[in-house]
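A.B. asks: Bring the two chains, given one by one in their own frames, into a single complex with the hints.
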Amino acid sequence: MSVLVFADSNDGKVVKSAFEAVTYGSKVASSTGGHCEVVTYGNVDNDQLTALGNYGATKVSVDRSVSDFDPNRLARLVGSQAEALGSDTIVIFSHDYTGKSVAPMAAAHLKAGLVAGAIDYPNTDGGFTVKKAVFSGEAFARFSITTGIEVISLLPNSISVEKGDGAAEVAEISPDLGDSRLRVKEVRTKGGDGILLTEAELVVSAGRGLKGPENWGMIEELAQELGAATACSRPVSDIGWRPHHEHVGQTGIAIRPNLYIAVGISGAIQHLAGVNGSKTIVVINTDPEAPFFKAADYGIVGDAFEVVPKLLSAVRNHKAALN
Amino acid sequence: MKILVLISKAPDTTTKISFTDGDTKFNDQGVQFVVNPYDEWYALVRALELKEANGGSVTILTVGDATNDPVIRKALAIGADGAVRIDAQPDDAYQVAYQIAEYAKDQNYDLILGGKETIDYNGGQVPGMVASLLNLPFVSNASKLDMSGNTATMERDIQGGVELVEVDTPFVLSAAKGMAEQRIPNMRGIMAARSKPLQVVPAAAVDGLTSVSSYELPPAKAEVRIVDADNPEELIDLLHNEAKMI
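Each protein sequence line maps, in turn, to chains B and A.
Using the working numbering, read the first sequence as starting at 1 and increasing by one per residue.
Using the working numbering, read the second sequence as starting at 1 and increasing by one per residue.
Next comes chain A alone, as it looks inside the complex (with noise of 0.2 Å):
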């Protein structure tokens, strides 16, 4: 089975987030990068154990330019056998899954999988966006996947539960929680990593949909009012007449 896993780059979680140029850039000076969680522990370890029960290959690929590099090594030191990256520097969303569809079009992947959504744009779009270019069915929120021949069954969030179901490959899926653990890349890994293959493959001619016009930060929290633990009668009194919650 040919598996891709798509990789996207994300600040880690702790960065304090800052804006550059007017507001109309993201400050990345001093920011540490890591691979996007649900890309990592969720689509690329489920990849993998697919890969280690059934045979074939595991490829990440990601959209960017040569910053990327340290991202995908670390993925490459979790388990995939190599990985591509398209040299393009994109906008947004579209540019990204259009790159990605004119790359997998002729590569006859049986399975692309990708994360939710990225932790810096949460939008979840790239998935989808690609299903929809290559013309593949596309399951979303999947929390579960496993493969029985050419057939996948999966479990996927809906609205209010869980709706079992099934695919034959080649399709799209975007990864939940749920489908794998979080696997810490042994020093190993990290040492095969360096001498895995890194393609970089040229971008192709696409334009954006959409762009950032500006960025701000949410206006500073105003202090926490503390109510005595004994008088929890005050608490309710402040939800029902101030916050106006209950």
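Same shape as in the complex, but just chain B (with noise of 0.2 Å):
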């Protein structure tokens, strides 16, 4: 079977999440006999797209007309190449911010059955199904795709993403999407080089127990040290300490880096929901009937204030022996 992949750009750079979802399409594609293809947009640079083959993609279709993100054109030209590819196409997208919106849009527009936020690859024995979280992350379950198109969109930090030797060829398309009926007035990126909430491998966040927004410097900068982003609970978003962004939970955003690290944070059900996908949970509270601990791989029970400084300077002799 063929497989499309739609790999999303950001400032002429192919996004992290993309790598991972055209490394699943070609894995898909081998596994399925079909080679893998890619679907993208903007103005990204053409060695950027010639090096996807470098995960896999046989070849690169841009259409550089579209600049803006607008989810009714893009699931247009994600419709029309996988039409082009055939009746029995998979069709990839990364679960982020771009696939959230454009996917649903193309599935309907294809009629082909969606699974949104897969986690594994897929199954093809005898069938097609595809594993995904369910239930905020209480419970997995296994969706049977009946259509001839296949729609999966996978959860970013599912798999880790496969690095060889390729080069992409590169077509320029420019397939008839219809008028734009949105209009992007204004791009407001958090800028810096700071690490994106979704797609941290590493997060420290933190919560009440910090009793104030001036005590984050101590966070930030074990979240600087170890490469990680910043996170926060409800309440402290809610209070306006840090910004409604970094708020992971049930109302928030889900995250599943591979570190997940809570400081005064009791792990109510609302913000485990978010980070239940976490592949280890450090928790560091004061309270060691705190729920978060029974959902913990690591805890330190003690006040912040004297752990989270000694955590430091340990993280920083580990770095400095490592070198």
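Where hints are given, some of them may not hold.
[As the list claims (entries may be wrong)] Derived coverage of chain B by chain A (criterion: at least 3 residues anywhere in the stretch with Cβ under 8 Å from a Cβ of chain A; other residues may be distant):
1. 21-31
2. 298-306
3. 310-323
[Claimed, not checked] Listed next, the in silico SDA-like pairs over lysine to any residue satisfying Cα-Cα at most 20 Å (straight line):
4. B:LYS13 with B:ASP47
5. A:LYS244 with B:THR147
6. B:LYS294 with A:VAL224
7. B:LYS131 with A:ILE17
8. B:LYS279 with A:HIS240
9. A:LYS105 with A:ASP87
10. B:LYS131 with A:LYS244
11. B:LYS279 with A:ALA222
12. B:LYS131 with A:ASP87
13. B:LYS185 with A:GLY161
14. B:LYS131 with B:THR147
15. B:LYS310 with B:ALA320
16. B:LYS310 with A:ASN231
17. B:LYS185 with B:SER9
18. B:LYS279 with A:ASN241
19. A:LYS244 with B:VAL161
Simulated from the structure, these hints should not be mistaken for lab results.
All C-beta atoms, glycine included, are put in the ideal place defined by N, C-alpha and C.
C.D. replies: Following this line, the structure appears as structure tokens:
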């Protein structure tokens, strides 16, 4: 079967979640005896597109006439490429903000079944089933897709990126996508070299146990030393100590980093729902009865104001010893 | 302004999740259902705020059987003017979206709002599919929505930031945190909800495109390993040598 991967870019560069999606797509292609193509848009550099061959793509089609993130037009772009590849194509998105928006539109446009937020490769023995987390990470479900074209959006950080050697053929395309009815007036990126929370492999998060926004310096320092992103609990973002976009949990965002360090967060079920996909969880809390310890791999019972500075110097010593 | 808000019921967050029929069905025995928080806190409340500021009406729409009625009454108690329930038992998001699109296509809604995802299946598929089926513009993960005449200005979450976008009505939006604050229904609202119209509409014929073949619970978590607060070096050592995370 042919595989089509939608790859997003930012500022002329292919985003990290797209490397995961292309790795996933090319593995699916080789296990089903097909090839993996990529469709993308915008002003991404040509050498970046050729380099997607390193992740297994044979061909990259780019529509440079689309510059804005307009899900209606992008869904038509993906739809036209999928239809060109045939009625048994597998279409892969990353389940990042772009994919969450475009994949449902493309699936409805193609009248193809979608599994949104897959965490593993599809099982194609006598059918087509894909595993994803449900009930906010409390359980998993295997969804069966019953249409000729199957659409999957892959939860970021679910598989490891595999990079080899290869060069993809790059083709410029410009199918009819209709007029844009959406006007992008301004793009506000968080700027700097900060690590994106949704893409981060390591996350340091803190809650009410920190007692006030002025005490976040040590959390930011620890995160920086580890190369981690910072996050927070809901109460802390609700009272304005931290920005909304850092809120992880039921009503904020869900993340699944390799390592999640929670400082001064009790671990209410709503918070766990946003982080229970993390591979390793470390909890630092003064209360040994804090529910978060039940979900943790490692724990320290102690005062954040004493433990975090010590942990920071231990991280620095560890890094120095490695060098 | 005529606003449609898509409402789904979802098990309360504290529900102990279990399955029946050989792990092929969610066990809803004794489960407390709530209005899906993203639909309620963000989409519905913002719709009500826009109506209060600019006039118009807010209708809520649910696809499902009569077991949804208590949740519909709760959304009415928060302030919606009326409700529509499409009497279907959908298996997947496409069936839900198709029912909504069939109903909404000749109703001339200016705005169709839903939450960014439900807390049971976490797919976030329905609003985008509705937009596609109705050929309406779609703005996803919006954290802010303001109206000026027929033009909406929104902030939406993107990778690594926020975008300010403008769309003319009609369009479909999925709502994320930041759009509004939760409203607790008061006694007057709860009383009024009892007599508000709940129209039950027959379902259109449509097949699902996906189905759940099995459920499973995650493996039991091993006991937490507690490290002495005076010895964080041990934690670093474990994270490096055992967990291999740093």
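A.B. asks: Hint numbers the structure violates, sorted upward?
C.D. replies: Those not satisfied are hints 1, 5, 10 and 12.
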